[in-house]
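Asks: Sequence:
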Amino acid sequence: MNETKGHVKFLQWFAIALFLQLLYLNIFKYVNIFQDILVYGAYLKSLSYSKKVTPIKKYIVIAIALALVSNIFSQQLLFYWSTVIIAGIDLLIIMEFGKILVSLEQRYNAHGPTARVLKKYIIIVFAVIVSWTMLSNLPRDWQIGLLMLGAFLLFAVNIRLFFHVLSLRKHVKKQSFVVTYL
12 MNETKGHVKF
22 LQWFAIALFL
32 QLLYLNIFKY
42 VNIFQDILVY
52 GAYLKSLSYS
62 KKVTPIKKYI
72 VIAIALALVS
82 NIFSQQLLFY
92 WSTVIIAGID
102 LLIIMEFGKI
112 LVSLEQRYNA
122 HGPTARVLKK
132 YIIIVFAVIV
142 SWTMLSNLPR
152 DWQIGLLMLG
162 AFLLFAVNIR
172 LFFHVLSLRK
182 HVKKQSFVVT
192 YL
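Using my numbering, you'd call the opening residue of the sequence shown number 12 and step up by one each time.
One should not assume that every hint holds.
As the list claims (entries may be wrong) - Using 20 Å as the maximum straight-line C-alpha spacing, the simulated SDA-like pairs for lysine to any residue come out as follows:
hint: 1; residue 1: 62; residue 2: 23
hint: 2; residue 1: 56; residue 2: 72
hint: 3; residue 1: 110; residue 2: 23
hint: 4; residue 1: 16; residue 2: 118
Rather than coming from a laboratory, the hints here were simulated on the basis of the structure.
Input sequences plus hints: build the corresponding full structure.
Replies: Next comes the structure, spelled out in structure tokens:
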């Protein structure tokens, strides 16, 4: 397979994973496991088109194990902490994918805002994770409010990253059709 086509496929599957992550299905009991498997499967599929060595596969195994454990043992405290830890692991996964995106952007001279988008993504997701660590110490109304606010913020930064990946994919695809005459 052509290297440029591999990069386009990588960006396509990464965009699919981000789209699947936009659906916030954690409010349903066992549907979030299905969503996690789809998202992490799309991450793994996109990694199959990348030649970079990353620890993403280890992060995915840990996140799926935590999701399974938190669903099997239905305790409120375990739910809170597994949500926080899985969000942290998802942040690590996106940071690793961000390194690949920056290298693709440099390779294709895309002069895009990948670094700026990722910086905002990391700051907002980290703030949500920190706020979610306090869930067990708050009254029920505040818990629901923080969960909903966090879900909205995660949705907003994921949609921004999703559109950025789509525009980068479009740029890489356009670069593959450039023909040079000697």
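Asks: Now tell me if each hint is right for this structure.
Replies: Quick rundown of the hints versus the structure:
| no. | hint | result |
| --- | --- | --- |
| 1 | 62 / 23 | 16 Å, holds |
| 2 | 56 / 72 | 14 Å, holds |
| 3 | 110 / 23 | 16 Å, holds |
| 4 | 16 / 118 | 14 Å, holds |
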